[in-house]
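Given these sequences and hints, build the entire structure.
Note that the sequence shown covers residues 10 to 404 in this note's numbering.
By construction, these hints were calculated from the structure, which means they are not laboratory data. Bear in mind the structure is a predicted one, so any value in this text is a computation, not a measurement. Any given hint might turn out to be false.
Unchecked claim - Below, in silico cross-link-like pairs of lysine-lysine (DSS-like), each with a Cα-Cα straight-line distance of 30 Å or less:
1. K262 x K93
2. K93 x K261
3. K63 x K358
4. K93 x K336
5. K388 x K336
6. K262 x K252
7. K336 x K391
8. K262 x K358
9. K336 x K63
10. K168 x K63
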Amino acid sequence: MDVKPLNREKPNKIYLAYLDGLRGLAALYVVLFHIYEECTYKREMPTFVSNTVKLIAYPQLPVAVFIVLSGYCLMLPVVHSGGKHVPGGVMTYFRKRVWRILPTYYAALLLSLLLLTLALGIQHFGWFAWDPLSINFRPGAKPGLDSIVSHFFLLHNLKPHTATAINGPMWSLATEWQIYFLFPVLLLPVYRRFGIISLLAISFVIGLGPHYLWPQWPDYSVSPWFVSLFVFGMVAALINFSKETSLIYYRKKGFWGLLTVILWMGLIFMFAPQPVPELSRLFAYLVGISTASLLVYCTLSATEDSATHRPWIVRLFENHYFVSLGKFSYSLYLTHAVVVVLVHQFLLKLHMSPILTFLFLIIVAVPLSLLTAHIFYLKFEKPFIPVYKKQLKGT
10 MDVKPLNREK PNKIYLAYLD GLRGLAALYV VLFHIYEECT YKREMPTFVS
60 NTVKLIAYPQ LPVAVFIVLS GYCLMLPVVH SGGKHVPGGV MTYFRKRVWR
110 ILPTYYAALL LSLLLLTLAL GIQHFGWFAW DPLSINFRPG AKPGLDSIVS
160 HFFLLHNLKP HTATAINGPM WSLATEWQIY FLFPVLLLPV YRRFGIISLL
210 AISFVIGLGP HYLWPQWPDY SVSPWFVSLF VFGMVAALIN FSKETSLIYY
260 RKKGFWGLLT VILWMGLIFM FAPQPVPELS RLFAYLVGIS TASLLVYCTL
310 SATEDSATHR PWIVRLFENH YFVSLGKFSY SLYLTHAVVV VLVHQFLLKL
360 HMSPILTFLF LIIVAVPLSL LTAHIFYLKF EKPFIPVYKK QLKGT
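Shown next, in the form of structure tokens:
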């Protein structure tokens with residue numbers, strides 16, 4: 010089935026299929042990383058294997074891509090509305106965010122808590138001994154009341170011990186949710202009043218200020234620099250679609266194509282030797298800038314070139330399977346860790362080497378995660394999308 014990459018049926022609404030494809034690939038990367046993490050937690054793979062699969066050893070990469078995508082996609086309706094305000098007002102914006110994010114999140118949170126309780130019960134009766142060689146879903150580390158309450162209010166990222174206490178990947182959802190509040194009440198007003206440079210400046214103050222002013226700040230779990238990445242996405246949307254003369258001048262596909270190649274090649278040369286946690290902020294910023302540049306380039310290609318003449322990277326992102334994966338990437342992100350860890354627990358009982366464990370997880374856990382996520386999407390995400398779209402039509 011052909012994917013329509015661009016929809017201009019409504020003048021103020023645009024659909025870029027490649028965005029879903031990129032989102033789907035980022036979600037798949039997260040799954041692969043957590044498989045890698047499970048296999049290397051307190052164990053080591055042979056050097057040649059570790060070097061071969063190191064490409065999936067950068068957890069901040071897909072999360073940074075998600076944050077930039079969020080800034081880009083939330084800015085699109087602002088730009089297309091012809092003004093500098095969220096269409097329909099701030100309360101309409103918050104209602105849309107609530108319907109799109111919270112029902113699916115709470116369903117995944119409840120599922121995780123039920124499985125944790127079930128696993129604890131099974132261990133209590135001695136039916137199954139949970140191996141501690143798992144990091145993203147740990148029934149042995151019973152979550153406290155503070156973890157449950159903070160997860161309910163999406164504040165669990167504020168303390169390192171609660172950030173990953175229930176379902177590891179959920180830590181970033183809290184940060185993204187908090188950025189959603191900053192978008193209409195701080196970021197857009199700064200842009201309206203002072204412009205793009207001031208918008209970028211305030212994002213850097215928010216992103217880096219706590220680290221230097223408060224050394225005890227729980228940097229990784231909160232990741233305040235994601236605010237800057239979100240703003241990079243906003244700026245990318247402005248470059249693509251704003252009617253401001255100063256921005257139209259920079260709307261040159263060749264420039265952004267070259268810049269994108271330079272930025273991503275620079276990332277590879279800087280960080281390919283080994284992941285460096287101490288440079289997580291620098292890595293995230295560079296991924297954010299590189300992703301924003303990629304979005305500008307891909308959108309220019311998708312809107313200016315015919316489907317058969319688009320660059321290979323755009324055609325890759327517009328691939329039907331990746332676009333379809335992107336449709337339920339949110340459900341995949343929320344549920345995959347449980348599937349990966351459960352499969353890993355059974356494999357650990359077979360006393361496999363890390364290499365064999367990794368291969369079996371790729372073969373078994375990846376398709377099982379996709380199947381589980383799609384079922385979860387049909388039951389707990391898709392039913393709320395009509396409500397979300399109804400809110401959109403109201404704008």
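Results for each hint:
| no. | hint | in the structure |
| --- | --- | --- |
| 1 | K262 x K93 | holds (25 Å) |
| 2 | K93 x K261 | holds (23 Å) |
| 3 | K63 x K358 | holds (26 Å) |
| 4 | K93 x K336 | holds (28 Å) |
| 5 | K388 x K336 | holds (14 Å) |
| 6 | K262 x K252 | holds (17 Å) |
| 7 | K336 x K391 | holds (9 Å) |
| 8 | K262 x K358 | violated (53 Å) |
| 9 | K336 x K63 | holds (27 Å) |
| 10 | K168 x K63 | holds (29 Å) |
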